[in-house]
Amino acid sequence: MLTRRLIGKSVFLSALFYVLSSPSAWAVHVPITAEFIPNPSNARVNQFVNLTPFSGYCTEARAQCAARNIFSVRANVNFASKFIHKGEPVYIKAPWEWKKVTVTHPIGGPQEVEVRVTGVGSGYRINPGAATIAGGADQGIQASHSRLWGTGNAVGNDWVYVPAPCRFTGSSFATPNVFGFFWLVTNSSRCTKTAAVDIPDFSFQNIDFLYELRTPNPLAMQSGTYTGSLIYSVGENKDFDFNKMVPNDSVISLDFTLKVTHALKVEIPPGGNTVELVPEGGWQRWMNGNKAPPRLFRDQPFLISSSTPFKLYVECEGTIGSDCYLTNSTGSGTVPVNVSVTLPNGFTDTSGASINRRRLNHIQGISAASVGNALSVRPSYYVDRSPAILHFEVPKEGIDQVLKNDGPSRYYGKITVIWDADI
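Mapping of the sequence shown onto numbering that gives the first Met the number 0: residues 0 to 422, in sequence order.
Derived by calculation from the structure, the hints in this document are not laboratory data. Do not rely on the hints blindly, as some may be mistaken.
Below, simulated EDC-like cross-link-like pairs (lysine to aspartate or glutamate); rule was C-alpha separation at most 16 Å, straight line [as the list claims (entries may be wrong)]:
1. 99 with 200
2. 85 with 197
3. 81 with 200
4. 290 with 399
If you're wondering where the values come from, they're calculated on a predicted model, not measured in any experiment.
Please put together the full structure from these sequences, using the hints given.
Written as structure tokens, this is what we have:
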């Protein structure tokens, strides 16, 4: 028997220690979801869209919430009831200051989200009903609740109305035993009402709140899902303080999920995959003049759409170091070819400079050691189907070399232009 008692006691203490050391195990979890998908019809608005469905108070007062463009989410936290004496202040305090939370991506690294509470609501529950406690049954339910907090049936007594620093929303709902309310918050001070009568059994049920987000720049984030949690405390002198009442849960966890879906699309016109390099004005002009052209070139237009950073480089069939070469039909001669790119407004390099005839280096199999040779491009907003140009050019020294050593000939080569983005 002694052994059994010791084993049972040991198990009990172990379980108690586990619970006490894991507050998130009994936290109330509130999911917050936002998403970024590039919108071609509003390309310069690069913001997350809040997808969190409203819950709580605004499900009861949809019209009022819609009229004021507010929405609520609910944390299922209830408070133990207490006796409220006549003349006793009853207050609510909510965390208005900005708080930071880190959201992480499996590859993309951490980002920072800021959040603050800008509105708070609940439903106070009383027993017995308002008319039984304060009278006014012949004036209606709302009037009976008004008499709990002021003289007679005067407008401004009930919990639709609140003193500073909270602000009026004009929204409420009432039953004989419950009064639902929602206030706007302007700082983290207490917002207080004073009881006009004794209320034998008073409690709050649920915490509804409005929040404001500051999200990272989605154009600087990789595609995928970022997650993180922010903890708010509940109780006397905590983040959420409902008149020093004891909550059934002392922690609210806001669980953030930010989804980023980027776009990167390059549209080459029909036939654009075959590039013929010719002198300006065509060959006939230079042949008639019996002189070598200063260059052979082709400016290949294309359309680009992108909301994500990317790297640009080329992989060439014939190379010497980071330079690309074309080879003649007999394989006996080569000629250098330069590849550069011009991108539209909205794209810059990492220093903020525009991309105009920027050379692209050959990189065979990009790696951590070679990635620095690629052209890094950043969008400042979502660029949608804007014109850009790939420039292919054989410089004059290459032409002179060919004419001196080989005479007229055809040169060929395969050059692959790579737009490298994590999407």
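Keeping to a limit of 16 Å between CA atoms, is the pair of residue 99 and residue 200 held or broken?
violated, 38 Å
Check whether the Cα positions of residue 290 and residue 399 lie no farther apart than 16 Å.
Holds, at about 10 Å.
Take the C-alpha atoms of residue 81 and residue 200, compute the straight-line distance between them, and say whether it is at most 16 Å.
holds, 6 Å
Do the alpha carbons of residue 85 and residue 197 lie within 16 Å of each other, as the hint requires?
holds, 5 Å
Consistency note: the structure conflicts with earlier hint 1 alone.
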